[in-house]
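K.L.:
Under this note's numbering, the letters of the sequence shown match residues 498 to 1079, in that order.
Hints in this document: simulated from the structure, not taken from any laboratory. Glycine included, every Cβ here is placed at the ideal spot set by N, Cα and C. It is possible that some hints are incorrect.
What the hints assert, rightly or not - Here are the computed lysine to aspartate or glutamate pairs in the EDC-like style, where the Cα-Cα straight-line distance is at most 20 Å: (1) 551 x 680; (2) 708 x 765; (3) 987 x 1043; (4) 1046 x 919; (5) 690 x 553; (6) 643 x 765; (7) 551 x 607; (8) 897 x 943; (9) 643 x 753; (10) 743 x 680; (11) 650 x 607; (12) 615 x 632; (13) 763 x 674; (14) 708 x 680; (15) 615 x 693; (16) 643 x 674; (17) 820 x 851; (18) 724 x 765; (19) 690 x 632; (20) 541 x 753; (21) 938 x 948; (22) 763 x 851; (23) 987 x 1062; (24) 650 x 680; (25) 743 x 699; (26) 551 x 752; (27) 541 x 697; (28) 908 x 919; (29) 987 x 1011; (30) 675 x 699; (31) 675 x 627; (32) 551 x 699; (33) 938 x 901; (34) 551 x 753; (35) 675 x 637; (36) 763 x 753.
Said to hold, decoys possible - Restraint-style ranges between C-beta atoms, simulated for each label pair: (37) 513 x 750: 31 to 37 Å; (38) 1050 x 642: 58 to 64 Å; (39) 591 x 541: 43 to 49 Å.
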Amino acid sequence: MSIVRKITLGYVILIFIPVVVFGYYYYSQIYGNLTNQFVQSRQKILEQAHANMKMDLTRIDSIQRMLQYNPYVTDYLDGVYESDLNSIYAYNRNISPLITQSLFINPEIESFRIYKTKQRVLPITERFLDISALDSRGKEVTRTLKPGQGIWKMADPGAAVPSLMFYQNIYNSNFTEKIGLLELRVGSGLIRKLYEAAGERDNWQAFLLPKQGVPVSAEGAAAGIDKATWKLLGSNDTRPYFINNKTIVNQLYIEELDVRVVVTGKVDDVFRTIKRKEIILVFTIIALLTALSFVYYALASTITKRILLLARHMRNLDDDNMKQFISKHDKPNHQDEIGFLTSTYNSMIQRMDELINNVHRSELRNKEAAYKVLQAQIKPHFLYNTLETIRMLAESNNDKEVADISFWFGKLMRYSLSSEGDRTVLASEIETVIFYLNIHKMRLQDRLTYEVDVSMDAEQFVCPRFMLQPLVENSIVHGASAILRPVHIKLQVRETGDEIRISITDNGTGIQEDKLAAIRSRLARGGGGRDVAENMGGVGLFNVSERIKSFYGGSSQLVIDSGPDRGTCLTIIITTGGTGRI
């Protein structure tokens, strides 16, 4: 027997026949409990509908917290604005957009009012009214309000689909005095949405009842319910669901509104639909299983065919035949297990072919790498020779400034493009900074002066390359170049005990306090500081701080001290402890 027939026979014996037999047995066993399970599922739907409504109520009453913690609203209700003009401006500029946004986010709200408690506060339109305009029902409700809590009430309790009212006090910024009352009227659409989500359709109906008992006026809304069931609803029966006289009842207490939502329907409506579709369901399952059998047979044939083709290719593989196996059933970006096996097999063949020719390919790569190294060496040497030629021509023409700047620039380029690694001595770093300052002084003339004060043996202290240049560049770009008056930059190196301090000070414009605080915070955290560094003229400050921490470790760091119109001081603090000495 072929592998395809074995797979098909196994499918019929192990899957098809057990599914049909078990399905019939299971259907016979659960038919008696179907009604109870259906009621439980209806209860879960009701609970989900209540959870959705609770989220809507929370979303709406969150408006009070937004108003309470908005300084413009509390200042307005507290009478901070002394003139009507200031009050109107504050309302139009800051408060009205907030209310408009709240109404846009919460389209269920039909009325938005704030009742002010202070007489000196200017009433504006229908949004801000005096507390005396509150109706008697609202006054009665507000007497029971507790600080920090709101209350929901039904605007028209006798209606089948009532509207809702929300009340909550607003306090001053110190929460010591009540300065207003928020009143929101929500349309009946929220209750209608609850009914629909709870399953009110066809012969199923939903309505609201008090927590205890039933009002006489609700009998019309619950038309079609027998008296016995209605009596159970009016009793102290707290069951979430029950079946009485073939009437299914689901109920749930809504704490926010202090009412029960009740959903009722007939048992016959449930089984009428099931009976009508029972025969169709059985034949559909049989037809589906038959169709799946043919699909399974076709799929099994495809799988076995691919395995047989792969096995045949393996038998024909030798040293003279290293061709990869290509199957029309395998797609590049859609691989199953057999496709993965084929891909792995082809990778093995490719690896074997690479190992056979590895020596020849390695020689070609070595030659290409040597060529690229030679090419990379030619470029910087050509630049050095060109700068040296310019300097010699300038000296021969007695042009000292051009000769000097060519010499300084050449030194900078040699230091920058040097392949000696990322380490140098502090003396070389200071010398590079002096060349850099000389070039800028040539450009800025009398607007820039500098001073270098080193009181340690810089030749014996190791530091990372380009540790000082970005800091000096920061002083020039944001100090000397940003203003027209002369700017003095001082580079000072001091060694005290186990600590070395390298400070770069300028008397430029300085840094604003908020911006300085943000830079210090980002440098202290060590991550995510690149955006601030870019705003300060590049990633120099951030990079220098990270390189100092990485190179010296310990508590080594970059400290920034600045203020508006008093310049900036960038200090590198290095805790040596023997680190950095040659």
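K.L.:
A separate judgement is required for each hint: does it hold in the structure or not?
P.N.:
We went through each hint and held it up to the structure:
About 18 Å separates the Cα atoms of residue 551 and residue 680, which keeps this hinted pair within 20 Å; it holds. Between residue 708 and residue 765 the CA atoms are separated by roughly 29 Å; this puts the pair beyond 20 Å, and the hint is violated. Between residue 987 and residue 1043 the CA atoms are separated by roughly 23 Å; this puts the pair beyond 20 Å, and the hint is violated. About 15 Å separates the Cα atoms of residue 1046 and residue 919, which keeps this hinted pair within 20 Å; it holds.
As the CA atoms of residue 690 and residue 553 are separated by approximately 10 Å, the hinted pair is consistent with the 20 Å bound. For the hint pairing residue 643 with residue 765, the CA-to-CA distance comes to about 49 Å; that exceeds 20 Å, so the pair is violated. For the proposed pair residue 551 and residue 607, the alpha carbon gap of about 18 Å is at most 20 Å, so the pair holds. Between residue 897 and residue 943 the CA atoms are separated by roughly 18 Å; this keeps the pair inside 20 Å, and the hint holds.
Taking the CA atoms of residue 643 and residue 753, the gap is near 15 Å; set against the 20 Å cutoff, the hint holds. The straight-line distance between the Cα atoms of residue 743 and residue 680 is roughly 44 Å, outside the 20 Å bound, and the hint therefore fails. For a cut-off of 20 Å, the pair hint linking residue 650 to residue 607 stands: about 15 Å separates their Cα positions. The hinted pair formed by residue 615 and residue 632 meets the criterion: a straight-line CA distance of about 18 Å does not exceed 20 Å.
Between residue 763 and residue 674 the CA atoms are separated by roughly 55 Å; this puts the pair beyond 20 Å, and the hint is violated. Of the supplied pair hints, the one linking residue 708 and residue 680 is violated, its CA atoms being roughly 25 Å apart against a limit of 20 Å. In summary, the hint linking residue 615 to residue 693 is not supported, as the alpha carbons are separated by about 43 Å, beyond the 20 Å threshold. Pair hint residue 643 plus residue 674 holds up; C-alpha atoms about 13 Å apart against a cutoff of 20 Å.
A distance of roughly 13 Å separates the Cα atoms of residue 820 and residue 851; the hinted pair therefore holds under the 20 Å criterion. For a cut-off of 20 Å, the pair hint linking residue 724 to residue 765 stands: about 18 Å separates their Cα positions. Between residue 690 and residue 632 the alpha-carbon distance is near 28 Å, which puts this suggested pair outside the 20 Å criterion. For a cut-off of 20 Å, the pair hint linking residue 541 to residue 753 stands: about 19 Å separates their Cα positions.
In summary, the hint linking residue 938 to residue 948 is supported, as the alpha carbons are separated by about 12 Å, within the 20 Å threshold. Taken as a hint, the residue 763 and residue 851 pair is broken in the structure, with Cα atoms around 76 Å apart against an allowance of 20 Å. Annotation: proposed proximity of residue 987 to residue 1062 holds, straight-line Cα distance about 17 Å (limit 20 Å). The hinted pair formed by residue 650 and residue 680 meets the criterion: a straight-line CA distance of about 11 Å does not exceed 20 Å.
The hinted pair formed by residue 743 and residue 699 meets the criterion: a straight-line CA distance of about 17 Å does not exceed 20 Å. For the hint linking residue 551 to residue 752, the alpha-carbon distance of about 10 Å falls within 20 Å, and the restraint holds. For the proposed pair residue 541 and residue 697, the alpha carbon gap of about 14 Å is at most 20 Å, so the pair holds. With a C-alpha separation of about 17 Å, the suggested pair residue 908 and residue 919 falls inside the 20 Å cut-off, and the hint holds.
A hinted pair counts as satisfied when its Cα atoms are at most 20 Å apart, and residue 987 with residue 1011 does not qualify at roughly 25 Å. Between residue 675 and residue 699 the alpha-carbon distance is near 49 Å, which puts this suggested pair outside the 20 Å criterion. Between residue 675 and residue 627 the CA atoms are separated by roughly 13 Å; this keeps the pair inside 20 Å, and the hint holds. With a C-alpha separation of about 26 Å, the suggested pair residue 551 and residue 699 falls outside the 20 Å cut-off, and the hint is violated.
For the proposed pair residue 938 and residue 901, the alpha carbon gap of about 12 Å is at most 20 Å, so the pair holds. Between the alpha carbons of residue 551 and residue 753 the distance comes to roughly 8 Å, so the proposed pair stays at or under 20 Å and holds. Restraint check: the Cα-Cα separation between residue 675 and residue 637 comes to about 16 Å, which is no more than 20 Å; the hinted pair holds. The hinted pair formed by residue 763 and residue 753 fails the criterion: a straight-line CA distance of about 29 Å is larger than 20 Å.
The given range of 31 to 37 Å is broken by residue 513 and residue 750, whose C-beta atoms sit roughly 49 Å from each other. The hinted window of 58 to 64 Å between residue 1050 and residue 642 holds, with their beta carbons roughly 60 Å apart. Between residue 591 and residue 541 the beta carbon distance is about 45 Å. The supplied range of 43 to 49 Å therefore holds.
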